[in-house]
Amino acid sequence: MTRTRRRPIGPPDPVAGNGLIDRRALLGRGALFAGALGTGLGSASAAAEPLADDQWTLEPGSVVPAYQMPSRFEKNVVRTLSNPKGEPRTSHARTPHHLLAGSITPNGLHFTIVHAGVPDIEPDQHRLVIHGLVRRPLVFTLETIERYPMTSRVTFLECGGNSAPMFSKEPIQASVQAIHGLVSCAEWTGVRLSTLLEEAGVEPTAKWMIAEGADAPALSRSVPLKKALDDAMIAVYQNGERLMPGNGYPMRLLLPGYEGNMNVKYLRRLKLTEQPAMSYYETRTYSPILPNGKAYRFFFVQEVKSFITHPSFGQMLAEPGFYEISGIAYSGTGRISKVMVSADGGRSWAQAALQTPVLSKAFTRFRMPWHWNGGPAILQSRAWDEAGNVQPTRAQIVAERGETKTVPNVLGFPSQHYNGITSWSIEGNGEVKHVYA
Amino acid sequence: MSTPSAADLKSLRRKGRVRPRGLLDLLVRTFRSSPFVAALPFRELLKVGNRPTCAIALVLALGLSSSHAEGPNLGKPINQADIAAWDISILPDGTGLPPGSGNAAEGAKIYAEKCSACHGENGKGGTNGALVGGGPLDRIEAVKTVANFWGYPTTVFDFIRRAMPWPQPRSLSNEEVYALVAYIFAQNKLIGENDTMNAQTLPKVKMPNRDGFIIRFPDHI
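In order, the protein sequence lines correspond to chains A and B. Numbering of the first sequence is given in the numbering used here, commencing with residue 1 and proceeding in unit increments. Numbering of the second sequence is given in the numbering used here, commencing with residue 1001 and proceeding in unit increments.
Take the hints with a grain of salt, since some may be wrong.
Partial list, derived from the structure: chain B residues whose beta carbon lies under 8 Å from chain A [as the list claims (entries may be wrong)]:
id, residue
1, 1128
2, 1151
3, 1152
4, 1159
5, 1212
6, 1216
For lysine to aspartate or glutamate, the following EDC-like pairs were computed, each having C-alpha atoms within a straight-line distance of at most 20 Å [claimed, not checked]:
id, chain 1, residue 1, chain 2, residue 2
7, A, 207, B, 1193
8, A, 207, A, 230
9, B, 1114, A, 87
To give an idea of the chain B side of the interface with chain A (calculated C-beta under 10 Å), a few residues [unchecked claim]:
id, residue
10, 1072
11, 1077
12, 1121
13, 1122
14, 1124
15, 1141
16, 1198
Calculated directly from the structure, the hints in this document are not laboratory data. Even glycine gets a Cβ: it sits at the ideal position worked out from N, Cα and C.
With the sequences and hints as input, model every part of the structure.
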C-alpha cells in the first residue's frame, strides 16, 4: 500500500446506488484503476503464505476413466431430489444454479421431472409414429431419424411450475436451486419436426398435434400445429451426447420457449387432430388458478425472466469488497435484449453486461461488478427481451395472478408460470436471505 | 464396381433411397468435409454426361444434395389397424372412446381393489389426491379435483386408461375404465348412481367447471 492514492477509497464510477460499478471502468482502466482496486475494492488482507509443493504434484495421478466425472471435491454439486425413494408420485430433480456458471447446464445436472419414474428404453426398439390427419402415417426408428439432416440449437427448458415458491405470501427461505431449479439450458441436436410432418403430408384440417411419450403414464400434451411447424425439433442429442434418460432418451419433442411438460420425452407418437385432447396435464396441472377463481389454459410460453445466482440464498459474503453479481436471463419469445441490476431493492438500476452470443430462447448469463460496503443491500435483476416484453416485478405478478393464503411447502406448486423478480437481501454479516422487495 | 448413370442416380436421389457405401461413402465423407467442395460446379459437371469422368462428382453431388432434395423419406408407411394398439387419444367430443360400458357399482369394486391404496377409501384421498369432493376455487393454491376443476369428462377416462393404476398403467380393460369413471362421477354426483358410462353417455356429462378457463395466449393457437 505504498502506491500513491489517486482516487478516494470506495467504488470508482458508480453506475447505480449501493455499490454497482461501471464495468467498463473495471475492464479498461489499466494501471491507474488497479491502484484504485488495491486501495478501494480489494480487501486489506495480509500477505500470502510462502508457496510449497503439494502432495499431488509429487506423484503420478490416477488412471484416466472411460467416462469422466467431476472431481470428488465437487460432490455437493448435484441436483436435489423431491422423491428420492421413488414413491408413487412425481419426481423432481433441480439444477444447482448457485454452483454453476456460464449458460449451459451440464447433462448430469439438467433438471428432470418424471411422473412415474424414468423408463429404461431400448433405443433399437423405440418407434415414433406420426398419424391422424396426415396423408401417409409413418413410423420412424432412431436409426432412420438419425439419417435426416440434423440441426442444433441451444435452448432453455423450463417447467411451467418452476419458481412456484415465489407465489408464497411470505418469502420462503430457500436456495435458487429450490426456487428456480426447474429450468436448465442445453444444446439440443436433432431433426426439424417440420421435415417429418411434410413427409407425412399434413391435412389442411389439422390444427393440433397430440404428442405422447413411451413412459409409464404415456404422458400426453396437445401442441398447436403452428408451433410444430415453426421451430419444433425431435431432439436426439443433448450437449453433444445422446439424451439423458431423465431428459427423454432416446428422443424427445423440443418446443423452444414452451412449457417444459409440452416438450414430451420418450416421444413415441404424434397425432394430428382438429381439436386439442384437453389432456390431464394441459387442463388440470398446468392451468393455474387466478384470484377470481377462473384458470388460465394453454399458457404455453415461458415468459421473459431472470434471477441472480451469485450471490444468492445460502451463500455468505466473507467480507466487504468486490463481488461480481451474476445470473441467468431467458425468454420464451426470443433473445434477451437487456438486463438491469439493482443493489438497493429497485430504487436505482444499472445495465448488466450480457455474455455473448445472446441466443434466442436460451440462457443468457449477465454480470455486474459490485462493491459491497458491508451494509444492507437488496439485489435484484430484471430482464427485457427483443419482443419488448419486460420481466414483471413480484408485485405486478401478484396483482394479476395472486399469491397463496398460507405459506406452501417449498416443493409444492401453488401456481405456475412465475416470471417476476427475485430479491436477495445481503445482511450485515454477509448472509444472503430471500426477501420480497 | 458398376457406375450408375446420371439418370439412375437422379432418380434414386429423388426417392431418397441412395446411401453411398464402401469406397464411395468414404469419398463422399472426405469430400464433404473438404472446403473446396462447396465451390465445385456440380451442375456443370452433371451436364457433361461423361460417365467415367463424372462418377465421383455425381456421388459428391448426391451426398451434398441430401438436405435439399425432396426429403430423405425414411419413415415406413403404417396403416391405421397397425397403429390401433397405441392410438389411445381421446378428444373432448368423445372421438376415440372405445366400445364397452360400465357403472358405478362395478367401478366401486375395482376402485377398492386397485385405486384405494393411493386415493383413499371411497375416493376421499390418501397418499395421492382425492377423487371425490373439492372445495371452492377461492385461492390460487386450491386443490384441483375432478368436481371443482376438470373441464371435460373425457379427460378422466383418458388419464385413467393411459396412466393408472400407478404400478400397472394400461392394465385396465375399457370396461373397467368406464366403470371407474362412472364410480368417480357418481360419487361426485355428476351422474346418477345407476347411470352407465359408454362412448355415447360419457362425453355428455356436464363438468361444473367446464367454462372456468381463459385461453392465455390465443395467438399461439
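Right, here's what the structure says about each hint:
no., hint, in the structure
1, 1128, "6 Å, holds"
2, 1151, "5 Å, holds"
3, 1152, "5 Å, holds"
4, 1159, "4 Å, holds"
5, 1212, "6 Å, holds"
6, 1216, "4 Å, holds"
7, 207(A) with 1193(B), "38 Å, violated"
8, 207(A) with 230(A), "13 Å, holds"
9, 1114(B) with 87(A), "17 Å, holds"
10, 1072, "5 Å, holds"
11, 1077, "6 Å, holds"
12, 1121, "17 Å, violated"
13, 1122, "19 Å, violated"
14, 1124, "17 Å, violated"
15, 1141, "4 Å, holds"
16, 1198, "19 Å, violated"
Comparing the model with each earlier hint shows violations of hints 7, 12, 13, 14 and 16; every other hint is respected.
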